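Asks: Protein chains in written order, with my numbering: chain A, 1 to 396; chain B, 1 to 293; chain C, 1 to 302.
There's no promise every hint is true.
Each pair of labels, with its calculated beta carbon distance range [unchecked claim]:
#1 B/LEU58 <-> A/GLY295: 49 to 59 angstroms
#2 A/GLY295 <-> B/MET139: 21 to 31 angstroms
#3 B/ALA79 <-> A/PRO285: 43 to 53 angstroms
#4 B/LEU9 <-> C/ARG285: 20 to 30 angstroms
#5 B/ARG87 <-> C/VAL74: 49 to 59 angstroms
#6 A/GLU60 <-> B/MET139: 17 to 27 angstroms
#7 C/LEU60 <-> A/LEU395: 54 to 64 angstroms
#8 C/ILE172 <-> B/ASP191: 29 to 39 angstroms
#9 C/GLY260 <-> A/GLU60: 11 to 21 angstroms
#10 C/SER174 <-> B/GLY289: 22 to 32 angstroms
If you're looking for bench data, these hints aren't it; they were derived computationally from the structure. Model, not experiment: these values are computed from the prediction. Built from N, CA and C at the ideal position, the CB exists for glycine as well.
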Amino acid sequence: MTLRTSRRAALLGGLAAPFVSRLAAAQTGPIRLGTLTPQTGAGGPYGPAMVKVAQALVGEINAAGGVAGRRIELVSEDDETNPDAGVRAARKLIDVEKVSAIIGTWASAVTTAVAPLCWENKVMLFTVSGADSITKLPHQGYIIRTQPNTYLQSATAAKYLASTGAKTVFALSAQTPFAVDSYNRLSDVLAQGGAKAVGDVIYDASKTSFRSEIDQALKTKPDALFLNSYTPDLAVILRELFRAGYEGRKFTFGYAANAKLLDTVGAEVAEGLISFSPSPDLDSPAFAKVRAILGAEPDPYSCQVHDHISLAALAIGKAGAGTGTAIHDNLRAIGDAAGTKITSAVEGLKLLAAGKAVNFEGASGPCKFTPAGDIEGCRFRFDVAEKGKYRLLSLI
Amino acid sequence: MTGDLPQLLINGLLAGTQLAVPAIGFTTIFAVLRFPSFAIASHATIGAYAGYIANVWLGLPAGVALLAAFIVAGLFGVATDEIALRRLRTSGPLTVAIASVALTIVLENLVRFGFGNDQRGYALAVLRDWRVDLGALGMVRIGPQQVQNAGAAAVAMGLLFLFLGFTRTGKMMRAVADNPMLASLKGIDADRVAQLANFIGMGLAGFGGMLVAMDTAVDPLTGFRVMLSIFAAAVVGGLGSIPGAVLGAFVVGVGEEFSIILLDPTYRTAVGFLAILIVLSFRPRGLLGERAI
Amino acid sequence: MENYLLAMAVFAGCTALMALGLNVIFGLAGMINLGLVGFFAIGAYASALLTVKLHLPLVLAWPAAIFAAAACGVAVALITARLRGDYLAIVTLGFSEVIRLVASNEIWLTNGTDGISAIPAPGRGVLSPLLFNLQFVVIVWIAVGVAALLIARLSAAPFGRVLRAIREDDVIASVAGKRVLRFKLQAFAIGAGLMGLAGALYAHFNAYIAPDSFQPLVTIYVVLALTAGGTGTMRGAVLGAVLVVALTEGTRFLGGVVPGLAPVQIAALREAIIGVVLILVLTYRPGGIIPETSRTHRLETS
C-alpha cells in the first residue's frame with residue numbers, strides 16, 4: 001500500500017515537477033495517521049482488534065473519497081506494552097512517518113511517555129488509557145481521552161453496586177497506576193450510597209494464581225466483589241472464585257469481560273458476572289459498525305478507536321488541512337450541538353464539505369470533551385453474563 | 001492470621017506441584033548441558049498450545065492432551081536445540097543462555113504469528129473445591145483439579161525417576177550429568193544424551209505449561225509468566241538436581257503464599273529471589289547440591 | 001527523519017555505556033551479570049528523583065546517580081561473591097526484577113507504576129526538538145568516548161591484567177597474592193556506575209520513566225551488544241550497541257514490505273526476526289565482530 005501510493009505521488013510530482021514545492025506536496029499527498037497499540041506484551045489481547053477497526057474505517061473513508069480530497073494513510077506501530085518501546089515507535093511515527101495524530105495508546109505508562117513528544121511536535125494523541133494523571137500533566141490540548149477516567153468509572157461502579165443492594169464491597173485490583181485512586185473513589189461513593197468498601201488487595205497481574213488473595217477477600221464475606229482486572233488475570237480469578245464457591249455479586253470493567261473471556265473460562269464460571277462500559281445509545285449505528293468489522297461483540301477499546309479515527313478525519317475535514325494542529329483546533333467543533341447528528345465519519349465529511357455543522361456521536365458515546373481532554377460524561381451500559389452470553393441489563 | 005496458615009500451606013503446596021514439573025525440565029537440561037535455558041518459557045507455551053489443539057480441536061481428553069503437550073514440546077526442544085543452540089555450546093554457557101533468550105523470543109512470536117494474542121481455554125469443566133474440616137485448625141478448601149494436576153505431576157516425576165534409575169539410557173544420562181569427561185571415555189554418545197535431555201526437559205516444560213494454562217489461559221505469554229518462578233525453584237533446590245527442583249518448587253510455592261502475611265501481594269515475585277539469597281548464603285550450591293540427578 | 005535518527009543515536013549511546021560497563025564486569029573480570037537493567041534503573045530513578053523532588057542541578061544529580069548505582073553494584077557483588085557463574089546469572093536477573101518491584105510498589109518514593117514525568121533537561125521546550133536531540137547526542141557520546149578511553153587505559157594497566165587473571169582463574173590469581181574480592185568489587189562498582197550514568201542520561205532525555213521501562217529485555221540487548229560487538233574490547237562494545245539499536249529499530253520498517261499480514265503478525269514477525277538475527281550473530285561471530293586480540297584462550301565462564 002505504501003509502495004503504491006509513493007509511486008503515485010512520484011508520478012504526480014513528476015508531472016508538475018518544476019513548480020511543486022515541498023509544501024504543496026504536503027497538501028496534496030495522503031494524510032497520515034498512526035496507531036500505537038499493544039500487539040505484544042501484556043496488552044496483546046487488546047491491540048489487534050483496535051488496529052483492525054482503524055484499518056477498516058480508514059478504508060471506508062478512502063473509498064468514499066478521502067478527506068478534503070486527500071487519502072488517509074494509516075501507519076501501525078507496536079508499543080510492546082512498554083513505555084521505552086512506545087517512545088521509540090512514537091518517534092518513528094512522528095519524525096519519519098510525519099503522522100498528524102497518534103491513535104489508541106493503551107497502557108497508561110506508554111501514554112504518559114509519549115504525550116510530551118506529541119505536544120512538542122504538535123501531533124494529536126488519542127488514548128484509551130485510564131489513569132487520571134494523564135490529562136492532568138501538561139499537554140497543551142494535544143490529548144484526547146475517550147476512556148472515562150478512573151474518577152468517573154469508579155463512581156459509576158460504586159453507584160451501581162450500591163443500587164443493587166450490596167452493603168459491603170471488596171476490591172481486587174491488578175497493579176496499575178489507577179488501582180489506588182480507583183479504590184478510594186469507590187469507597188467514597190459507596191459510603192454516600194449507604195454501602196461500604198471493606199478492603200482491597202492489589203495483586204501482581206503477571207502471576208498465575210491468586211488463591212491466597214481471594215481467600216483474603218472472601219474472609220470479609222462481601223456482598224459484592226469489584227474486580228479491577230484485565231482479561232488474563234480475570235480469567236484466573238473467576239475460576240478461583242467459582243472453585244471457592246463464591247456466590248455473591250461479581251462486578252468488573254467491560255474491557256476485562258470481553259467475548260473471549262466467556263470462551264476461555266466457560267459459561268458456568270462466568271455466570272452472573274456483571275460488567276460495565278461507556279456506551280452510545282442502544283441502536284447506535286457506529287456500535288453496530290464496529291460489531292460488523294470485528295464479527296464479534298465489540299470491546300470498549302475498539303469502539304474508542306473507531307471514534308478516534310472518526311474524530312481525526314472529521315476535524316481534518318472541518319479544517320480542510322491535515323496537520324495535528326488542524327485536528328487540535330477543530331476537534332470540539334465537530335461536536336456542535338446545533339449541527340446534524342452523525343455517527344459515521346463518511347456521512348459527516350459530506351456534510352462538512354457542504355458547509356454544514358455536525359454533531360458526532362461515536363461507538364463509545366457522545367465524544368464531547370473537557371478543556372483538559374477528558375470526555376465530559378457518557379452513558380454506561382451494564383451487561384450480565386448468562387449461560388455463556390452477555391445480556392444487557394441497563395443503560396444509564 | 002495464624003488461622004490462615006493451613007489454607008496458605010495447601011495453596012502453596014498445590015502451586016508447588018504445578019511449578020515442580022517445568023522446574024524439573026529446566027534442571028534436567030541444566031544437568032546435562034550446563035546452561036540455564038530461557039527457552040523453557042516458550043516451550044511451556046508450545047506445550048499449552050499443543051494441549052489445546054489436542055483437547056479442543058481434536059476433542060481428546062485432558063490426560064491425552066497432556067501427553068501431547070509433553071511430546072510436542074519435547075520434539076520442539078530437540079529440533080530448536082539442533083537448529084539454534086547446539087553449535088554455540090563451544091562458546092561458553094553464557095552465550096548459549098543468551099541465545100536461548102533469543103530462541104524463546106522467536107518461538108513466542110511464532111506462536112503469536114499463528115494464533116494471535118487471543119486467550120483460549122481448554123474444554124474442561126471447572127469443579128468446586130472440597131471443603132475439609134481440620135478441627136482446631138479450621139476449614140480448608142482444596143481444589144479437585146489442583147489435586148488432579150498434582151497427581152499428573154507426580155506421575156510425570158515418578159516416571160522420570162524410574163527412567164533415570166532403571167533404564168540403560170537413563171543411567172547414561174546420569175553418567176553424563178555427573179561427569180561428562182568420564183562418560184565420553186566410557187563411549188557414551190554425548191550428542192544423543194543431549195537430545196534426550198532436551199526432549200525430556202522441554203517435554204516436561206510443555207507438560208507443566210499445559211498444567212499452568214489449565215488454571216490460567218492459553219496465550220503466547222503462558223510460559224513467560226512462570227519463568228522466573230521456575231528459575232527460582234531450580235536454583236533454590238540446586239541447579240541440576242531433580243529432587244532439588246521438586247523441593248525448590250515447594251519452597252518457592254509455599255513461600256510465595258506465606259509472604260502474603262507480611263508483604264503486599266505485589267511483592268510475591270520477590271519471594272523467590274529472597275529464597276534464593278537466603279538459601280545460597282548458607283548453601284552456595286542450593287538445598288540439595290548438584291549431584292542428585 | 002533527522003530527529004528520529006538523533007534520538008536513536010542517544011538510545012544507542014546509552015546502550016553503549018551499559019555495554020562498556022558490562023565489559024568491565026564480564027569482559028574483563030568474567031563475572032556474569034544479567035541484572036544490568038537494575039543498575040540502569042537505579043541511576044535513572046536516583047537522578048530523576050533528585051532533580052524532580054529535591055530540585056538538584058544535573059551536575060550534582062548525575063554523579064549521584066553514578067554513585068548510587070556503583071554502591072548497589074558493590075552490594076550485589078558482596079552478596080554474590082561466593083556464587084558460581086550460572087547461579088550469578090539467575091541471582092542478578094532476580095536483583096533487577098526486585099528493583100522493578102520496588103519501583104512499582106514504593107509509591108511514596110517512586111510514584112509507583114504511574115512513573116515520574118516532567119524530568120528536567122537543559123533546553124527542553126526552549127531548543128527546537130532537533131537541537132535538543134543534537135545536544136543530547138553530544139552529551140551522551142562524549143560520555144561514551146570518555147568511558148571507553150578510561151576503561152581501555154584501565155584494561156591496559158595492571159588493574160586490567162589482574163582482572164583478566166581473575167577471569168581466567170580466580171584461584172591462581174588469589175594464590176598469586178591478589179586480593180580477588182577487592183578487585184571484583186571495584187570492577188562491579190565501575191561497571192554498575194557506568195550503567196547508572198546511562199540510566200540518568202536516559203531519564204533526562206526521555207523526560208519520563210516508569211517501572212515498565214526497565215524490563216529484563218534491556219539487559220538482554222546489552223549483553224547481545226557486547227557479545228555481538230566483541231567481548232573484552234571497547235570498540236566492540238560500542239559497535240555492538242549501535243548494531244543492536246539499528247536492528248531493533250530497523251525492523252520497524254519491515255511492516256510496509258510484507259503485504260497481507262495482520263498488524264499482530266507483523267509485530268510478531270519483527271520480534272522473531274530480531275531473535276533470529278541475534279542467534280545468527282552469536283553462531284557466526286562467536287568472538288564478536290571485533291574480537292579481543294590479546295586474550296590467550298577462549299573465554300570460558302563456567
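Asks: Would you mind marking each hint as holding or not holding in the structure?
Replies: Cross-check of the supplied hints:
At roughly 25 angstroms, the beta carbons of B/LEU58 and A/GLY295 sit outside the given window of 49 to 59 angstroms. Between A/GLY295 and B/MET139 the Cβ separation comes to about 46 angstroms, which falls outside the hinted range of 21 to 31 angstroms. The beta-carbon spacing between B/ALA79 and A/PRO285, approximately 51 angstroms, falls within the hinted interval of 43 to 53 angstroms. Against the hinted window of 20 to 30 angstroms, the Cβ-Cβ separation of B/LEU9 and C/ARG285 comes to about 51 angstroms, which falls outside the hint.
A C-beta distance of roughly 38 angstroms is found between B/ARG87 and C/VAL74, which places it outside the suggested range of 49 to 59 angstroms. The hinted range of 17 to 27 angstroms is not satisfied by A/GLU60 and B/MET139, whose Cβ atoms lie roughly 59 angstroms apart. A beta carbon spacing of about 57 angstroms between C/LEU60 and A/LEU395 agrees with the range 54 to 64 angstroms that was offered as a hint. A C-beta distance of roughly 33 angstroms is found between C/ILE172 and B/ASP191, which places it inside the suggested range of 29 to 39 angstroms.
A hinted range of 11 to 21 angstroms for the beta carbons of C/GLY260 and A/GLU60 is consistent with their spacing of about 19 angstroms. For the hinted restraint 22 to 32 angstroms between C/SER174 and B/GLY289, the CB-CB distance of approximately 24 angstroms keeps it satisfied.
In terms of the numbered hints stated before, the structure departs from hints 1, 2, 4, 5, 6, listed from lowest to highest.
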